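Quick mapping for you: the protein sequence lines, in order, are chains D and L.
Residue numbers in the first sequence follow the working numbering, run continuously in steps of one, and reach 1180 at the last position.
Residue numbers in the second sequence follow the working numbering, run continuously in steps of one, and reach 417 at the last position.
FYI, nobody ran anything at the bench for these hints, they're computed from the structure.
All values reported here derive from a predicted model rather than from experimental measurement.
Quick reminder that beta carbons are idealized off the backbone N, C-alpha and C, glycines included.
One thing to keep in mind: the hints can contain errors.
What the hints assert, rightly or not - For each label pair, taking beta carbons as the anchor points, the in silico distance ranges come out as:
no. : chain 1 : residue 1 : chain 2 : residue 2 : range
1   : L       : G227      : D       : G1132     : 23 to 31 Å
2   : D       : S1156     : L       : K252      : 20 to 28 Å
3   : L       : R388      : D       : W1120     : 24 to 32 Å
4   : L       : K19       : D       : P1092     : 21 to 29 Å
5   : D       : E1167     : L       : D29       : 50 to 58 Å
6   : L       : G211      : D       : E1167     : 29 to 37 Å
7   : D       : T1141     : L       : R330      : 32 to 40 Å
8   : D       : T1141     : L       : N109      : 47 to 55 Å
What the hints assert, rightly or not - Pairs of lysine-lysine, DSSO-like flavour, derived with a Cα cap of 27 Å:
no. : chain 1 : residue 1 : chain 2 : residue 2
9   : L       : K133      : L       : K155
10  : L       : K269      : D       : K1131
11  : L       : K226      : D       : K1131
12  : L       : K332      : L       : K269
13  : L       : K252      : L       : K232
14  : D       : K1131     : L       : K155
15  : D       : K1131     : L       : K252
Claimed, not checked - One side of the interface only, derived from the structure: several residues of chain D facing chain L at Cβ under 8 Å:
no. : residue
16  : M1082
17  : E1097
18  : Y1123
19  : L1126
20  : N1129
21  : K1131
22  : F1134
23  : E1136
24  : C1139
25  : H1140
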Amino acid sequence: MLLIECPHCGPRNESEFHYGDQAHIARPEHNEGMSDQEWAEYVYLRENPKGLFRERWCHTAGCGRWFNAVRDTVSSRIMATYKTGEEAPIGADQEGGQL
Amino acid sequence: MRYSAFSLLRNTLSHHKNWPQMWDNPDPLPEYDVIIIGGGGHGLATAYYLASQHGITNVAVLEKAWIGGGNTGRNTTIVRSNYLWDESAKLYETALKLWENLSQELNYNVMFSQRGVMNLCHNVHDVRETKRRVNANRLNGIDSEFLDAQQVKEFCPAIDLRGGGRYPVMGASLQRRGGTARHDAVAWGYARGAAKRGVHIIQNCPVTGFDIEGGVIKGVQTAKGAIKAKRVGMVVAGHSSVLANMAGFKLPLHCRPLQALVSEPVKPAIDCVVMSNAVHAYISQSDKGELVIGAGTDAYCSYGQRGSMHNTEGTLAAICEMFPQFRRMKMLRAWGGIVDTCPDASPIIGHTPVKGLYINCGWGTGGFKATPGSGFVFADTIANERPHPLAEPFALSRFSTGYLIGEHGAAGVAH
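Next comes chain D alone, as it looks inside the complex (with noise of 0.2 Å):
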């Protein structure tokens, strides 16, 4: 069981928290013009790392928002968490960052 800090709430059980995946994909503005390739890349294509992962959790069973976090996806360690709309607190130029 993950203990994850809510940015909002503190620290709580993984149990109370719905997985959201990647972080920071925007939608494409001005995408009249988009290829299905280009839709496809927006809509399915990850980064799935090995490693430092920007990723999205909901506190559900708490108060209800979306946030982000920075975690190492081979020990699992959550590195950071921050409100949506935050840039990653940590990045490729920390140690330990790969982003």
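Dock chain L against the given chain D, drawing on the hints supplied.
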């Protein structure tokens, strides 16, 4: 050496000290006709069928650790073909037909046991969905039947139909030709058969990069140096996204830990495979007497080959409700494997954006049952440099054409 009762007797006389090695551990050559990345069941089967069906024997199988040590050695060994859509039904049924003759074909006992696979229904919706799938199976010539609750009890007396009140059993689908097989033996049998025909099985040799010139594959970089090949097949399950990233493209995959566990061995108690899609629990008994139990996937992306405890707790709680006599059983081992799930719960087989690089991945939670069929169609795909007709609908391009093959219901585990 051909295995037979006679060879067993002869080796018994020499106290089993003179059995020959089943395959060599050669150093890689500088170049091969075909390189298969991944020495699991699917990769070894691909190499075997390349050699046996297409006469392509200048083949190397590159395995990062030891053969069959990944998901091939971690699954719950269930084999069945009762998938909903025509495309999947044909693919999995091809595999099941190969399973039925595999021990003879390989001259290696894969202990394929057609003991029957039941998929339970716990509510009215399950019943409707299951009947639909049974009918679809029968239209595709796959043996499949619907059992009402009483027939379930007759087929598997160990089940408590009340399910502790939480998981009442209202019926089930049954595929009598389904069953289990010895997973290690499948990898070993294919490895032996491939090695005998000249395929090089190279273990402890992770691929670290691809040599691509102008969008065409030229070879791979490995821990044992560069190896050239004009055709490369990538069959690495949980690490497909990592390798695709090295080759410069993305895949629509999500890696999740899927857990399984075995109990202490007991006398025969359950002589079929029972799966419950709704509670993510499946159970069978191995020839050693251990209960083999499969749990659900964890929610999050992971490469850690282990999962959260609350998942297995939930599965065991459901098993105890349906089989009250197992309540006092002790679990001996639990482990996880990394499954590469696709958005439509169907595999990806065929071309990649890199010419000469072929992919076979995305089998998710249900790859073991498809091992022979997957290898068969993938070998044909690589040998003829075009998708095998059965593999054609499973192309990577289906995610841009929209031709998805949704098999979440038949896959048996929600993901």
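Is the interface hint for E1097 of chain D satisfied, with its Cβ closer than 8 Å to some Cβ of chain L?
Because about 11 Å separates E1097 of chain D from the closest Cβ in chain L, which is outside the 8 Å limit, the hint is violated.
Given pair status - K1131 of chain D, K226 of chain L, alpha carbons within 27 Å:
OK: K226 of chain L and K1131 of chain D at ~22 Å, within 27 Å.
27 Å limit on alpha-carbon distance, applied to hinted pair K133 of chain L and K155 of chain L:
Cα-Cα ~18 Å, so holds.
Between K269 of chain L and K1131 of chain D, does the CA-CA distance stay at or below 27 Å?
Violated, because 42 Å separates the two Cα atoms, which is more than 27 Å.
The hint names L1126 of chain D as touching chain L; please verify it with the least Cβ-Cβ distance against 8 Å.
At about 4 Å, which falls below the 8 Å cut-off, the nearest Cβ of chain L leaves the hint on L1126 of chain D intact, so it holds.
For the pair supplied as a hint, K332 of chain L and K269 of chain L, confirm whether the alpha-carbon distance does not exceed 27 Å.
holds (14 Å)
Is the Cα-Cα distance between K1131 of chain D and K155 of chain L 27 Å or less?
violated (45 Å)
Does the CB of H1140 of chain D sit less than 8 Å away from some CB of chain L?
Status violated, d = 14 Å.
Restraint outcome when Y1123 of chain D is required to lie within 8 Å of chain L by C-beta distance
Interface hint status for Y1123 of chain D: violated (11 Å vs cutoff 8 Å).
Falls inside 24 to 32 Å, the C-beta gap from R388 of chain L to W1120 of chain D?
holds (26 Å)
Status of the hint placing M1082 of chain D at chain L (closest C-beta pair under 8 Å):
holds (5 Å)
Verdict for G211 of chain L, E1167 of chain D (Cβ pair) under range 29 to 37 Å:
This hint holds: roughly 35 Å between Cβ atoms.
When the structure is compared with the earlier hints, violations turn up for hints 4, 10, 14, 17, 18, 24 and 25 and for no others.
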